[in-house]
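Asks: Sequence:
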Amino acid sequence: MHERTANRAASAAATAPGLAHPAYDVAARVLHWTTAVLVLFLLPLGVVIANRWGGEWKDWLYNLHRSIGTVLMLVILIRVGYRLTHQPLPLPDEIPLSQRRASRVVHWALYTLLVLQPFVGWAGSSAFPAPVIVFGLFNLPMIAPADRALSDQLLLVHRTIGLTIACFVTVHIAAAIYHHFVRKDGVLMRMITG
1 MHERTANRAA SAAATAPGLA HPAYDVAARV LHWTTAVLVL FLLPLGVVIA
51 NRWGGEWKDW LYNLHRSIGT VLMLVILIRV GYRLTHQPLP LPDEIPLSQR
101 RASRVVHWAL YTLLVLQPFV GWAGSSAFPA PVIVFGLFNL PMIAPADRAL
151 SDQLLLVHRT IGLTIACFVT VHIAAAIYHH FVRKDGVLMR MITG
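So the sequence shown is numbered by this note's numbering: it starts at 1 and just counts up by one.
Derived from the structure by calculation, the hints contain no laboratory data. Just so you know, even glycine gets a beta-carbon here, dropped at the ideal spot from N, CA and C. Nothing false has been slipped in among the hints.
The following label-pair restraints were derived from C-beta to C-beta distances:
(1) Pro-145 / Ile-95: 46 to 52 Å
(2) Asn-139 / Thr-164: 27 to 33 Å
(3) Asp-152 / Ala-102: 32 to 38 Å
(4) Val-182 / Trp-57: 40 to 46 Å
(5) Phe-181 / Phe-135: 35 to 41 Å
(6) Pro-145 / Lys-184: 50 to 56 Å
(7) Trp-60 / Leu-163: 19 to 25 Å
(8) Pro-88 / Tyr-178: 16 to 22 Å
(9) Tyr-178 / Val-71: 28 to 34 Å
(10) Glu-94 / His-172: 18 to 24 Å
All chains, full assembly: derive it from the sequences and hints.
Replies: Right under this line is the structure:
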């Protein structure tokens with residue numbers, strides 16, 4: 001019991017205004033922000049191509065989306081591997097249990113959806129059939145048989161997952177803003193400074 005009280009005091013002291021906050025290591029921060037940039041680029045790009053707003057740029061935009069999606073697929077697999085082998089920093093003790101649980105749900109939902117999303121898109125492109133050309137350098141192998149009906153179903157799932165990711169990303173960003181500007185507890189800064 002005494003140890004838990006000491007941990008709470010240390011956590012409160014570490015997150016007091018003006019004091020340094022414990023931070024994630026450089027690898028965790030690079031993986032987080034690389035994922036964030038890729039996702040925040042892919043989501044609006046996906047909306048553009050799904051609504052066929054690309055005009056004469058349509059094919060180029062599809063290839064860009066597939067190329068960046070391939071990069072995201074590699075980044076997120078590395079990130080999940082890193083996360084499974086490195087425990088995240090604990091949230092400050094004063095954060096309510098309900099918010100801790102919500103944080104875990106949002107993080108693991110994002111990990112799961114971000115792992116599934118590029119594979120579903122890849123399979124949908126393969127079934128179309130449309131090659132996944134990565135930045136004009138090489139093609140990914142086809143992973144689904146040519147079947148237009150299957151492609152339509154997979155790409156519908158891909159769009160649905162994309163919208164779900166957008167919702168979870170919005171919740172994640174809103175929580176980070178809340179912690180930074182309302183609670184002022186240093187949670188956001190742990191992923192920014194080191």
